[in-house]
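If you follow the hints, you should be able to join the two separate chains into one complex; please do so.
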Amino acid sequence: MRHNPPMPDSSPDAELMALIDLVGRRDENALRLLYERTSPKLFGLAMRVLRQREWAEDVLQESFLTIWRVAGDYRSTLSPPLAWMGLIVRSRSLDLLRRRSADRAHLTQEFDEQMAETFESSAANPMDTTDASEQAWALHQCLSRLEDGQREVLSLAYLRELSHSELAGQLKLPLGTVKTWIRRGLEKLRSCMQQFT
Amino acid sequence: MKFSAHPELLELLAASYALGTLRAAARRRFETLAREQAPVRAAALAWQSRLASMAELQQPVAPDPVVWTRIRNLIAAEQQQQAIGRQRIAAAAPASVPARGGWLRNLALWRGAAAAGVAAAVIATVVGLRFGEQLRNAPAEQYVAVLSDDSASASMLVTFDPKKQRLLLQRLGSYREDEDKSLQLWALPTGGAPRSLGVLGRDRTLSLPAHEADMRAVPALAVSLEPRGGVPGEGGPTGPVLFKGALIEKTL
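So the protein lines, in turn, are chains R and G.
Number 112 in the numbering used here belongs to position 112 of the first sequence; there are no gaps in the numbering.
Number 44 in the numbering used here belongs to position 44 of the second sequence; there are no gaps in the numbering.
Looking at chain G on its own, in the form it has when it is part of the complex (with noise of 0.2 Å):
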């Protein structure tokens, strides 16, 4: 097709691709002339470009303050997930040279080792303070886990505030479990059973009480659907489990 003698063909045709109200075949038709016609590839990036506009000009609309509370946290988690990564990586360079990885994790060794210098009791002392300076600035949460489903979308957060000594459950993804359900929380420690950490009402936060010792040596947490009011007596988990995600202690 010639267009230089029907620009405002041209024009309109790059209009109704931009919009998306060309049907298949046209379509086809105008992305095969625009890969050709440099042209034509103009006219429907102009198109595109203006169009896009139209998301600028929507009346504005509050969203609920909960909104941005969600997406620090996940930033949050996300900037903790890749912090521990990179000390992973640091520890594990040292480590690598065998000797010296073997005499620094000799803990006795090192304990005495300190202790004999003047200059190095000084100097733990200073690191015990600076330790305790950040424990008590520290944040409230010191454990936080994102749990996923199969797919690894996001669906729940959970955080442990140890001043309050409770942990807080946020839902993240649309996941609504049928009304003769429930959904179990559990503690996934090494080497031993899931321990029951409680179970979820129909809320999108829920703030259930918790010791710390609770959290300590549990590398990864799991939400399982259960019958309404969870599985009971002591037992472990009856249903398939939906969510899962790795308990990071953040460091101070």
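Isolated chain R, as found in the complex (with noise of 0.2 Å):
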């Protein structure tokens, strides 16, 4: 038997826009539903910013808060709903890392080990386009053209919000080599851009 679609467009976009509408409204059945739909994409993004489980589930719950807080002034933002919430998962872990980063002053050389992976581990993070809106598709489109590498520093210099010279340090690559991967990756992925606007 088949079931009647549950919004009148049933998009993932238009399915999540409705539940932040209903959070909005303080309406808790949504937000454990908004929670159930997006909580393991937005834990992966947090669990990639912060790589260490028990920080990433405080900014999950940190990032659920807000939302429940600020869902009123969602449709305003004219995002994609997925991306407005990655924005406020993003922005609550690299708080998380800046208040931790600025505790442990005087330990940085094991917050930098913490913090530090293998290029190739980090190489081999595939994309995931399950639930993604049309903007992160064309994205997707346009990074998976581009070399392992620089695709790799790009991804990490957005959402660690991190410098050439701080790229270097947690890829341990020389700087002249990130230099290049994000020069050449960013004018790749703006002509491919060009074709999606």
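If you're looking for bench data, these hints aren't it; they were derived computationally from the structure.
Hints are supplied without guarantee of correctness; some may be wrong.
For the chain G half of the interface with chain R, some residues (derived, Cβ under 8 Å), not all of them [stated by the list, open to error]:
#1 Arg50
#2 Met54
#3 Val67
#4 Arg70
#5 Ile75
With a cut-off of at most 20 Å between alpha-carbon atoms, the simulated SDA-like pairs for lysine to any residue come out as follows [stated by the list, open to error]:
#6 R:Lys179 to G:Arg23
#7 R:Lys179 to G:Arg27
#8 R:Lys188 to G:Leu22
#9 R:Lys188 to R:Ala138
#10 R:Lys179 to G:Asp214
#11 R:Lys179 to G:Gly20
#12 R:Lys179 to G:Leu9
#13 G:Lys163 to G:Asp203
These figures come from a predicted structure and were not determined experimentally.
In this text, a Cβ means the ideal position worked out from N, Cα and C, and glycines have one as well.
Dropping the structure here:
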């Protein structure tokens, strides 16, 4: 038996937007559904930025409390729903990183080791387009045309808000290589994204 | 700079700006241009929006189910506090009329008046029945407290389950005591000395036996940092208070 679609327009974006609207009206069940639908993706994002389960869980919790409080303002941001939630998670994650690195100013070495990852392990991290908006689909198309190294430095530069030299440190790559990959990656990304505008 | 002749250059600068890899001086120059020229601003916003979708492309990872429980409990506590705030405002309004407020507060007179009329007695019975029904359907936690540190960030959620006669503690923040220290939970009764409710272990959650009588007339709870194993004997807290918060009785 076929079930009726839950929303008039059952694209993932329309469904998430309807849920966010309900959350803005203090609907706790809608928050639960929104959490069920989006938490694996958002937790994956927090893990990518923080690489530490406990921190990522704290960030996910804080982010959903923020979403609960500001959902009423969502429409005016004109963003795809998952991108909007992702911005909240990323900014909370970066806040936590800043707090932690300040706490551990005297233990910088330990902190750097925790955040370091070998380039091979992160390059193996594939992209996932489940529930992605059209805009994310376009970005995915263009990123997948880049070389692995270019894609990784661009992703980490954005997600972790890292400078060229911080990227070189965390990925254990020469600074010149990082700069070249970013420049070439951005140039290819620019010409590719033109097709989608 | 004239970007109209070099549209690719503008795009590339805007993309670097949104990515966050422009150096400080170049960043400031770009921000100035964006404030002055709408096309520059538009290019920056377009790239910020495109790159924001990077968040949508990460591999999903399932979070531990306890995260949702924490979110739900915190929202319940927040809603509860707001509801109590509204009730206080509502309760304060009639009390500001002195004569009427005084009369209402005279409990003996109120009881007498209710007993005098049959109609009033019927209403009282109905109210009593409803009250009993609500008691049976009431959620298990009758008391709840969110304990916060000095910077007002929630650090611990305490709920009392009257059916099981247990206090449930959940650590929320990232605070961890040193190996030679323990956290101890205290009831702060009005006009009385702090009373120990128990010593916390290292786990994120803890369940302690407690009686409802322990929770009554206790407006606040606090957590202090003590030597490992807690304060010996019947003494009060010896270390600094790390977290505290109001204990709220859930209204039925």
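Hints versus structure:
1. Taking 8 Å as the C-beta cut-off, the interface hint given for Arg50 of chain G holds, the closest approach to chain R being about 6 Å.
2. Interface hint at Met54 of chain G: satisfied, since its Cβ lies 5 Å from the closest Cβ of chain R, which is below the 8 Å cut-off.
3. Here the hint on Val67 of chain G is kept, as its CB sits about 5 Å from the closest CB of chain R, short of 8 Å.
4. Using the Cβ-Cβ criterion of 8 Å, the hint placing Arg70 of chain G at the interface with chain R is satisfied: the shortest such distance is roughly 5 Å.
5. For Ile75 of chain G, the interface hint holds, since its Cβ comes within 8 Å of a Cβ in chain R; the closest pair sits about 6 Å apart.
6. A threshold of 20 Å between alpha carbons decides the hint, and for Lys179 of chain R with Arg23 of chain G the separation of about 12 Å falls inside it, so the pair holds.
7. Restraint check: the Cα-Cα separation between Lys179 of chain R and Arg27 of chain G comes to about 17 Å, which is no more than 20 Å; the hinted pair holds.
8. Restraint check for Lys188 of chain R and Leu22 of chain G: satisfied, since their Cα atoms lie roughly 17 Å apart, inside the 20 Å limit.
9. Using a Cα cut-off of 20 Å, the hinted pair Lys188 of chain R and Ala138 of chain R holds, with the two alpha carbons roughly 13 Å apart.
10. With a CA separation close to 64 Å, the supplied pair Lys179 of chain R and Asp214 of chain G exceeds the 20 Å bound.
11. Between Lys179 of chain R and Gly20 of chain G the alpha-carbon distance is near 13 Å, which keeps this suggested pair within the 20 Å criterion.
12. For the hint pairing Lys179 of chain R with Leu9 of chain G, the CA-to-CA distance comes to about 17 Å; that is within 20 Å, so the pair holds.
13. Note on Lys163 of chain G and Asp203 of chain G: the hinted pairing is violated, with a Cα-Cα distance of about 23 Å set against a maximum of 20 Å.
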